[in-house]
Structures are given as structure tokens and as C-alpha cells.
Amino acid sequence: MNIWQAFKMAFKSISMKKTRSFLTMLGIIIGVASVVIMVSVVQGQNKKNLEFYEKMGDNKINVQAFSYYDSGDSISQGLYDYCLSLGSLVLGITPDAEVGSTVMVQYGAKTLPVNDWDSGVNIPWEDQMHIKLGSDQYGVCNNYKLAGGREMTYLDVSNGNPVCVLGSGAKEALFGFTDPVGETITLNGDPFLVVGWYQPMDIEYWPEMDNLIVIPYTFNRTLNQNSSINSYVVKARDAQSTVEAMTRLDAYLSGLFPPNEFGYSDVGSFGVSSDNNYAQQVESQSMMQSLVLGAIAGISLLVGGIGIMNIMLVTVTERTREIGIRKAIGAERKSIITQFLIEAAVICSIGGIIGIAIGSVGTLIAGKLLLGMTDMLPSAFITIGAFLFSVVLGIIFGMYPAIKASGLQPVEALRAE
Amino acid sequence: MLIDIRDLYKIYNEGKESEVRALDGVTLQIDRGEFVAIVGQSGSGKSTLMNVLGCLDIPTYGEYYLNGTDVTSLSDKQLAHIRNKEIGFIFQGYNLIQELDALENVTLPLIYQGVSVFEREDIAMAALERVGMAERAHHRPSEMSGGQQQRVAIARAIATRPPIIMADEPTGALDSKTGRHVLEILRELYREGTTILLITHDDGIAATARREVRLSDGKIISDQTQEVDWE
Chain A
1 MNIWQAFKMA
11 FKSISMKKTR
21 SFLTMLGIII
31 GVASVVIMVS
41 VVQGQNKKNL
51 EFYEKMGDNK
61 INVQAFSYYD
71 SGDSISQGLY
81 DYCLSLGSLV
91 LGITPDAEVG
101 STVMVQYGAK
111 TLPVNDWDSG
121 VNIPWEDQMH
131 IKLGSDQYGV
141 CNNYKLAGGR
151 EMTYLDVSNG
161 NPVCVLGSGA
171 KEALFGFTDP
181 VGETITLNGD
191 PFLVVGWYQP
201 MDIEYWPEMD
211 NLIVIPYTFN
221 RTLNQNSSIN
231 SYVVKARDAQ
241 STVEAMTRLD
251 AYLSGLFPPN
261 EFGYSDVGSF
271 GVSSDNNYAQ
281 QVESQSMMQS
291 LVLGAIAGIS
301 LLVGGIGIMN
311 IMLVTVTERT
321 REIGIRKAIG
331 AERKSIITQF
341 LIEAAVICSI
351 GGIIGIAIGS
361 VGTLIAGKLL
371 LGMTDMLPSA
381 FITIGAFLFS
391 VVLGIIFGMY
401 PAIKASGLQP
411 VEALRAE
Chain B
1001 MLIDIRDLYK
1011 IYNEGKESEV
1021 RALDGVTLQI
1031 DRGEFVAIVG
1041 QSGSGKSTLM
1051 NVLGCLDIPT
1061 YGEYYLNGTD
1071 VTSLSDKQLA
1081 HIRNKEIGFI
1091 FQGYNLIQEL
1101 DALENVTLPL
1111 IYQGVSVFER
1121 EDIAMAALER
1131 VGMAERAHHR
1141 PSEMSGGQQQ
1151 RVAIARAIAT
1161 RPPIIMADEP
1171 TGALDSKTGR
1181 HVLEILRELY
1191 REGTTILLIT
1201 HDDGIAATAR
1211 REVRLSDGKI
1221 ISDQTQEVDW
1231 E
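Line order of the protein sequences matches chains A and B. For the first sequence, the working numbering assigns the number 417 to the last residue and increments by one with no breaks. For the second sequence, the working numbering assigns the number 1231 to the last residue and increments by one with no breaks.
By construction, these hints were calculated from the structure, which means they are not laboratory data. Don't be surprised by glycine CBs; every beta carbon is placed ideally from N, CA and C. Some hints could be false.
Under the rule of at most 30 Å between Cα atoms (straight-line distance), these lysine-lysine pairs were calculated in the BS3-like manner [said to hold, decoys possible]:
id: 1; chain 1: A; residue 1: K145; chain 2: A; residue 2: K47
id: 2; chain 1: A; residue 1: K145; chain 2: A; residue 2: K110
id: 3; chain 1: B; residue 1: K1016; chain 2: A; residue 2: K404
id: 4; chain 1: A; residue 1: K12; chain 2: A; residue 2: K334
id: 5; chain 1: A; residue 1: K8; chain 2: B; residue 2: K1085
id: 6; chain 1: A; residue 1: K368; chain 2: A; residue 2: K47
id: 7; chain 1: B; residue 1: K1077; chain 2: A; residue 2: K334
id: 8; chain 1: A; residue 1: K12; chain 2: B; residue 2: K1077
id: 9; chain 1: B; residue 1: K1077; chain 2: A; residue 2: K17
id: 10; chain 1: B; residue 1: K1077; chain 2: A; residue 2: K8
id: 11; chain 1: A; residue 1: K334; chain 2: B; residue 2: K1085
id: 12; chain 1: A; residue 1: K12; chain 2: B; residue 2: K1085
id: 13; chain 1: A; residue 1: K334; chain 2: A; residue 2: K18
id: 14; chain 1: A; residue 1: K404; chain 2: B; residue 2: K1077
id: 15; chain 1: A; residue 1: K404; chain 2: A; residue 2: K334
id: 16; chain 1: A; residue 1: K334; chain 2: A; residue 2: K8
id: 17; chain 1: A; residue 1: K334; chain 2: A; residue 2: K17
id: 18; chain 1: B; residue 1: K1085; chain 2: A; residue 2: K404
id: 19; chain 1: A; residue 1: K18; chain 2: A; residue 2: K404
Going by beta-carbon spacing under 10 Å, a handful of chain A positions derived as facing chain B [to be verified]:
id: 20; residue: S13
id: 21; residue: S15
id: 22; residue: E322
id: 23; residue: A328
id: 24; residue: G407
id: 25; residue: P410
id: 26; residue: L414
Here are a few chain A residues that sit away from chain B, every Cβ distance over 10 Å (derived from the structure) [to be verified]:
id: 27; residue: Q45
id: 28; residue: S88
id: 29; residue: F219
id: 30; residue: Y278
Let the hints inform the model, and build the full structure from the sequences given.
Written out as C-alpha cells, the structure is:
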């Protein structure tokens, strides 16, 4: 008997015993599909968490310093100068401040929603505009990429030129799809020339990342009643530079605000922090989740495997008799084992493929419903892993009766009832 | 000498209290072209004898020469070849594969023999025609009566044209009319030169065989040749 014949026999047997074949497949389908969906959803969630930090930009250091006695200006200027002295460690420095008072933003007849504290009008937070006071390196520091036009220049900032760069949300609200560069908007009636606009950040649940208008920080004094800038964002060159810059900043600020015997300063407070730490935490958290999930996936595959095992073992008697008949009319042991091997492999592969299909569709649906991701697909590694595990298990237990019964004397196999 | 067994034993649970000697020192010679009925009551060892003669089981002790070959020394694979080419089996319980139709059941031994696709359908069909089951070729065992199933089983046994047919209570589950029909087919095969071994507990059926070997408690108690009216 040749291999082609064995294939035909296996297919015949599968199609004649539909219920049993289907039940066997079901174990594999459920096992593979559930593992694929579960692992993919958690991987998707992790990817999303990391994506957030990726969009925010890495190697970003936030520095704050508050003096209890000083008006703040000298501390602020000193910190800015110190940041500049970090030289090649950093790619950019910008004040991190926002206009806190009521601002009317207008372009022609259009007025942007701004919080009007005086009249008590409440604007939904996701529509609120933020007027940021930045340097010419605001985009570099906060990971914004220009969509058109240019950034503010050093001269714009130092001269206090009335120019601005729009976040994508502000650009869309004021200009729609037309090019804003060269147009003039007004902030509380004062004209500002639009010199550029940023690409959207698109961070979910955080639209204020795009609802911003950046103006030179030199306008701080006129637009903010409280005139000192306390926070800066320093963009370091790489992860190592981040650590180095943070250490230096910490040392510098500790010098300005020496700690007393209780560990805090009597003259002011400061903070130096970086998102790199959070990103690392998220990553190690992801690792944890993956491990837990791997365990759950393993258990569900095991359960699926036991299902496969059961249905295969239940049919052992029935199949033992069939094997007895086949042996009695002259089948060699090899022919019988080959037939059963192919039968099990075909059933399990079909089940595995259906499981992957259902798992992929389920992943897409789960991704959309749970994570709002439209393009979430299972990773190849977990898909192939689950598939191989089920198929190997199915083949082992599918072949079990054949290996056992084909070694019997035909008369013993025929006696099985 | 086609079949030559000497001092054959089949012992279950040897040495234990529950020891059973299904065959207890059987010596028997059967020539090519004989029609032998092996008779005995239930438990006499007649089925065990057929299983051993048909290479479906191995004896505990003793010698078995088939066509001069020492069967006890053959490998599993060689035994499979003997079952496939030399012997056709007819069982009391038919032993058809339920999921296959009549034609596929009859084709099965030809597949294991390696007969080509084109030939084996014709051969199997001819065998079915011979037992009068050609119209039922595409029916499954569950759609057939006992007599019809047994005829399909006979077709399967003769499809490879084996020199020996072994039938274990072939009429046991059939009514007398169908039973006579089955016996008629066996006689026809005998006339064509096939060696027939018929295992039965029915003295009436045994009386229609040329030679009657009687078994009791695993031993041969009589072996006689007799006149039969149908020859």
C-alpha cells in the first residue's frame, strides 16, 4: 500500500465519521482560538501602553524648581542657563509653561473654545485649547513633528516676536484643511503670525496633546500674571545621556536648595524626573502580564489537549476492532499506523487552521471592542506555537490506538467489543 | 501437504490456577483441495484452531507448516502477507467495516495487496457478482440483512483468490435458507479447487463435509472421511 492510498483511506475515514472527527477538531479549535485571542489581547494592550510613551518621546527630562523666598526669576534663569550648559548631552531645552488666564483665540470670525473663567462658561476638556509658552526647541523636546511651515526661531523667542506654531487640533479648528502658514490669529486681540503647524499625536484619551498653540515664552510676562517659569523640559540625546543629565541637574538643584536635617529644603523644592522610568515600568509590567498570560494559555491548551485525548481514547475500542479486521485481511502494521497517523494529522491540522481563523477574527473583534484598535492581529509566534502544540498532541493520541492495537494478534484486536 | 500441524498447544494463563488449554496437543494434516469440517461444541477449541491455522493467533507450543513453510518462525509482516494472499476468512459476525460500502469492503484486501486502482474495482465487482451482491455494491453493512452482509464478507474472502478459505460458523447468525445459500457458495469454491475449512457446532452441517474432524476439550477425538450426497 502506498502513501497516496493511505491518504485516501484517512480522508475516507474522516468523512465517514463526521461526529467524531468534528469533536476532535472542536478541542483543537477551542484550544488554539482561545490561546490566540487571549495572548493577542494582552500583547495589544502592552503595545498600546508602550506606544503612548513612544509618542510622548523618550529621553525626556522634566525639571521643576520653586523658590519659597525669591520671586523666582533668578532661579528660573539660572536653571535655564544650567540646562544650556549640559551641552552635548541634550538635544533641546524648552520652558514647560502654559497660559493660565482666560485667552480669546480668534481667526477671522472663528473663535476657539477657551475656558472663560470669568463668565463661568464650561468648555468640555477635550475641546479646550492650551496656550503653551515654549522655546524654539519646543517641538524637539515634546516629540512634535512639523506638518508644515517652520518652528519658532531663536530670534523670534529672544525678540518676543508675535509668532505661533499650531498643534493639529488648533489648526483644524481654526483653518480646517487650508494651509495656516502666513495667516494671523489673535490672542486676546493681539495678532500672532502662524509660522508652522504640527502633525497630530493622536494619543487616545489625551486630545490636549494636539489642542495647543505654542508661542515664545517671552510672552509669559504679559499673558501670565504670575511671571516666573518653574518647569523645563530637557530632551537628552539618548538613554545614557538622560541618566547623566538627570544626575547633574539633581546635583545642581540640590546645591541651590540644600536639604536640612529632615531631608528637604527650607528655601524651595525641586524635581527631576523622566518618562524613561515609567516606560521601563510599563515594560516590566508587560513582561509580568505576558508570563501570567502564558500560564493561562498553557492551561487552556492543556484542557484542550485533554479534550482531544478523551475523544481519541473513547474511540480506541471501536478502532481496535477495525484494526483487527484490517489485519485479518492482510494489512501490515506499517500500513495501519500510516493511515492513523495521516488521519490524526489531517483532523488536527484542519482543526488548528479553523482555530487560527477563529482566533484571528476573534482577536480583531476583541481588539476593536476592548482596546479600540482596528488592526490588531495575533503574533505569528503564539499562533504557530498553539497550532503545533495541539497538532502534536492530537497526532500522539490519534495514533495511540493504532500503535497499541496494531501490535496485537489480529484475533485479540477482533475480540474488542 | 498444505497444512501440517504437529502437537499444537494454545494455553491461556499457563501455570496459573486459571490455566485453560484451548488446544491441547493437536496434530492434523490437510491436503490441498480438501473440504474439512471442524466440529465441536462451544469451548472445544475449534475457533482457536482456526485462528491459529489462519495466522490470526500464534500457538503457545507446537509446529505449524503451511505449504512447507514453518509459520511459527515468520515475522509479523510475513504473516500479514499470508493472511492477505493465502487465506480468505469468513467470520460468524461478518467483520465488515461499517463505514465502508460493500464494494469498498471487498476492495480492501486488494488495496493491501497492491493491486492497481483500475484492476481492483473490476475484481471486487466480479467477486460481488459471484455471491449475488452486485446490485448492493454501494450499500453499507448497516443497510443490509445478515445474509447479505455474510455474502459481502464471502466476496471479500474470495476477491484475492486465496487457495484456502476458512469459515468460522459462517451460517451461525443466518436463517436456514440463507445458510444453505452460503454453504452452496462454499461447495462451489471447493469444486473449483479451493481448500475449505469449515468450523461449526452443527452436526447437520458437518455431515455435509467430505471430512469431519471432531474436537473436544482442545483435543481431536475423531477424524473421518464420509460420503456426501452433493458431490
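ask   = Quick check: which numbered hints come out false for this structure?
value = none
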